[in-house]
Each structure stands twice: as structure tokens, then as C-alpha cells.
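Taken in sequence, the protein lines are chains A and B.
Quick note, the first sequence lines up with residues 1 to 292 if you use UniProt numbering.
Quick note, the second sequence lines up with residues 1 to 292 if you use UniProt numbering.
Some clues are possibly wrong.
Since the list gives no way to pick out one identical chain from another, each pair is judged satisfied if it fits inside one copy or across any two copies.
Restricting the straight-line Cα-Cα distance to at most 20 Å, the calculated cross-link-like pairs of lysine to any residue (SDA-like) are [what the hints assert, rightly or not]: (1) K204 <-> S136; (2) K147 <-> R248; (3) K122 <-> D82; (4) K68 <-> A88; (5) K204 <-> D177.
Treat the hints as calculated values from the structure; they're not laboratory data.
There are 2 protein chains.
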Amino acid sequence: MRDFSTDHRWLSINTATVRKSQGQDLPLPQILDAVARHGIPAISPWRDQVAAAGLKAVSAQVKALGLKLSGYCRGGMFPAVDPAGLAAARDDNRRAVDEACELGAPCLVLVVGALPGALAGKAAHKDIARSRQQVSEGIAELLHYAKGQGMPLAIEPLHPMYAADRACINTLEQALDVCDTLDPGRSGALGVAVDVYHVWWDPKLQAQIERAGRERLLAFHVCDWLTPTTDLLNDRGMMGDGVIDIPRIRGWVEDQGFGGFSEVEIFSTGHWWQRGHDEVLQTCIARHRSVV
Amino acid sequence: MRDFSTDHRWLSINTATVRKSQGQDLPLPQILDAVARHGIPAISPWRDQVAAAGLKAVSAQVKALGLKLSGYCRGGMFPAVDPAGLAAARDDNRRAVDEACELGAPCLVLVVGALPGALAGKAAHKDIARSRQQVSEGIAELLHYAKGQGMPLAIEPLHPMYAADRACINTLEQALDVCDTLDPGRSGALGVAVDVYHVWWDPKLQAQIERAGRERLLAFHVCDWLTPTTDLLNDRGMMGDGVIDIPRIRGWVEDQGFGGFSEVEIFSTGHWWQRGHDEVLQTCIARHRSVV
């Protein structure tokens, strides 16, 4: 297991972590400058932030600053109620692959979607098995396109509390079942993003990380689970402030040969998004060295 | 699959569902009277409510009203940081078994506990595997006692969002692994409580219900998952107001021969606990007939 205690060469910042600074939106160009200023070598940007700043401009800035990417957030949201919706998701996901290529991302992270309409508060149906079938079909189709572009796809199993509205792939085992079906040869074109927030509770976690192996472990995300957690989406904790044994999980991942970045992804309306982004980045560096 | 549409003979009310009426605490004796007045045949009371009203008095009232029980809530909370804590949990669980016997419950429901201290906001450690080991040992010890009293134990796998503070058994598969280890003969002394709120998301749910079989399916709880869910504990929905395909899951359970009560367990600070309990019970009856 790598020693993170003396530097932060393996730290990446998911740009949602500093999406807001002191409660105000922080544009992506400022985020990139701040990350580089703190000597953080990598980022994982969100599509909406990239779109707001302009893909070409972001790509140029990333290169000028010498930043690497640990992933691109995100593709997915495959399920729909009709062929037009499925086609729209397909087209949008292809654009996400193209953007990931332009930015030099090592993978496109997939938050696969769930019951259509649920995220807006009104699910069109209750058939999660149907959504899961649409997800498998959507990934299969996108995989064909992404292979052509040389862009690996990383399925991110989301915590079961998001099964209704954000992702109906909810365990690492389930994600790997999809990988085995669609990429039995373990080509490296399809794998998983392991976010400790989503999977820490899983009694089969260690076994499934071993099953994933090096070829399927495409990204590793960290934050922490707070007790109590006051919001299902935006109350993630800074590493060390919660109950997740992050080094243990990182050890399992690295035992498989994973040698990529440790990406900090924290959504925190009440706490970290109220702080200044420099303080947040300094804290990420300190915690990366001490508790990850 | 039984037809629930014409009557409510298989309805049970978990007494937490009407713990409050119009925002005020509703004592258990009044709950029991109201349940009986609505022709609801069964309840599942909580220990704190029973303690407040007095065990003997509650037992007498239950018998006088001709109510049955669908379970007793709850034993468990096994993990602790030291031998004294483990012994205290053991003793308290034996008392819970005794109370369940006095009340004529068909099973004692177990919410097994998780990281010691987490429920109070400060976990004593982050070793969920250690808690899981303590849970297995605690159930093994309690099972010996409960068998002597003739009281079946029903492990309730809780949604993974409770893995830190309430229960580190989080899937039906995991609960059944414990059952298979401790009761390989499927004696009926150890099984599971299937609450749709906790398990609806699980891609392996149908297969694990089949694995459980009639001997292990000791209780069936219903409510609904709302989108959005605004609180991790107390924002459960009334059946039909959320995204859970309850009849499908009930069908799987009944395919195994389950013929017990369908128990409504709703914690709802913002909505149902603000309504009058008669309205809540009427709604439970209506939804039991129409969407369960």
C-alpha cells in the first residue's frame, strides 16, 4: 500500500468538492487555478461545470496548468420511458465520451440512472428491473462507441439510498456482473469506480474488490459517512470525520494493483461548501496524508 | 397470492406508525383501543411504548381486545466496546424475549446494532467487521435462550444507510448467511423480518426470498420509499405514495408460503405523525386493500 503521508502526489479533487466557496458558485476556471496553486496534480471535473466554462477553454487550461484527470463526471442516466428518451440518453452519453477524450480523462464515470422521473419527484413507474435492463442495454451500446474512441467506462455503484432516483446499480457485485456480461475478456474498456461512500457498508466489499481486479478498478473516490447524516445527497463528510475505515478499503484496492489517484468527492451544502475553497483544499491535502 | 382488496384481516399496525397523533405522543393503550375500534386484527408494539404503559397492563389489554401480534419491536443492538456492554445487551435481549412471550408475539424482531456509539453521534471505532462478529455471537447466545422460551428470533436486515448506527446486517443475503450458520436445520427458531423499505432496492431480493423459504420468513413489513426522501429515519411513505412495487415483493414472499400479517411500519415526523391517528389508521386500511 502506497504511503500517502509525506506528499499529495496521488491526490485528485473532484471539482464538485469546491463547487461552492463560502456559499457562492465557484467557476471551474478558478477551481483549476486553485487546485494547481495547491500543488494538487489531478482533478475530476463535472460536465455542467465544463459546459459553463466551455470545453475547449477548460481543455486548454487543464493542459496549460499541467493537470491530470482521474475521471470525468459523468455519463449514465440511461433509463427512459420511451424510445425518444433512450435515444436522447444515448446521444448525450456519446457526447460525454467525446468530452472525456478532449479533456484527456482516463475514464468516463457512469451514474447509470434509475426510475425515470424519480429524480424530479415523480417516478414514471416502479419497475426497477426494467430500469436495470435498460441500463445494461445502454452501457452495451455506449461501450461499443467508447471503445472506438479509446475511452474506458467506469460504472459507479451508488449507495442503495439512491436506487430510486440516481442509480439502480447499487453494489459492486451488481456492477461487476454487468462488466462480466459485457466485457468478459476484461479488456480494460469497462470497469468500476469505487467510491467508499457508496460501498463501505457492503459485507461483500473485500471479496468483490478482489473479483474486480486491476483491470476493472478504474477509479477510487473518498469522503466519509457522517453520523448523523442529515441529508441523503449533500451531507458527505471530509475524510476522517466519519465512520469509514478508508485505509482498509484503499488497501484492498491497492492489493489488486490499483495505482491511480485518490479522488476526493464531497457534496456538503451545510459545511464544506460554506467554507472558502482554499481552506477546503488545504483540508483535503491534510486528510489525504493523515487518514486516507 | 392472497386477495387483500376486500377486507383487512391480514393487516397489522406497527405501533410506531401512530406513535404520535397530531404531533402529540399517543400512549399505547389508546393506540390499542383505536386499532381494535377500526377492526384491525393485529399489532406490533415497541418496547418503549410497552414499558411506558406497563407490560402486564398491555398484555391484559391486548388479550381483552382480542388483538394478535405480528411481532415485537425490538431486540438487538448487540455490539459494544467492552464485556460489560456486551453483557448488558445480552441481559436486555433476554428481557425482550420474556416480554415477547408475555405478549404472545410470534417473533422478536432484531435490529442488530452497528458501530458502538454511532447512534449517539460518536462511533467508538470504525471496524464494522468486528461489530458484525459481535452480532453473530450475540444472536447465537440469544438464540439458545429464546429457543428455551419458544420465541423465534427474526433478524431484520436494515437499509445500508443505517449500517453505521442501527444495524450492520444490511441485506437479506447477509441475514440468511447468519441464519444458515446458527440454525442450519431451519428449525423455525431463527429467521428474518422482510421490510420492503429496507430491501426493495436489492437486485438479489427475489432470489434471497426464495432462499429464505417459509421457515425463515417470520415477518413482512410495508411502507414506501418517497422521492425525495428528506430524512434518513423519519420520512417513510404510506404504501402507494412512493416507488416500491409492494405487491411484487409480497408475491415473492407468499410464493414461499408466507401467510402472516402485512405489518405497516411508518416513521413520519413531517407528515403522518402530524395527522390524527384515526385518519392514519383509515389510510392504512385503504392502502392495504388497494396497493399492498
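Status of each hint after checking the structure:
| no. | hint | verdict |
| --- | --- | --- |
| 1 | K204 <-> S136 | between (22 Å within a copy, 16 Å between copies) |
| 2 | K147 <-> R248 | neither (33 Å within a copy, 38 Å between copies) |
| 3 | K122 <-> D82 | within (16 Å within a copy, 47 Å between copies) |
| 4 | K68 <-> A88 | neither (30 Å within a copy, 54 Å between copies) |
| 5 | K204 <-> D177 | both (14 Å within a copy, 12 Å between copies) |
In the structure shown, a violation is registered for the earlier hints numbered 2 and 4, in ascending order.
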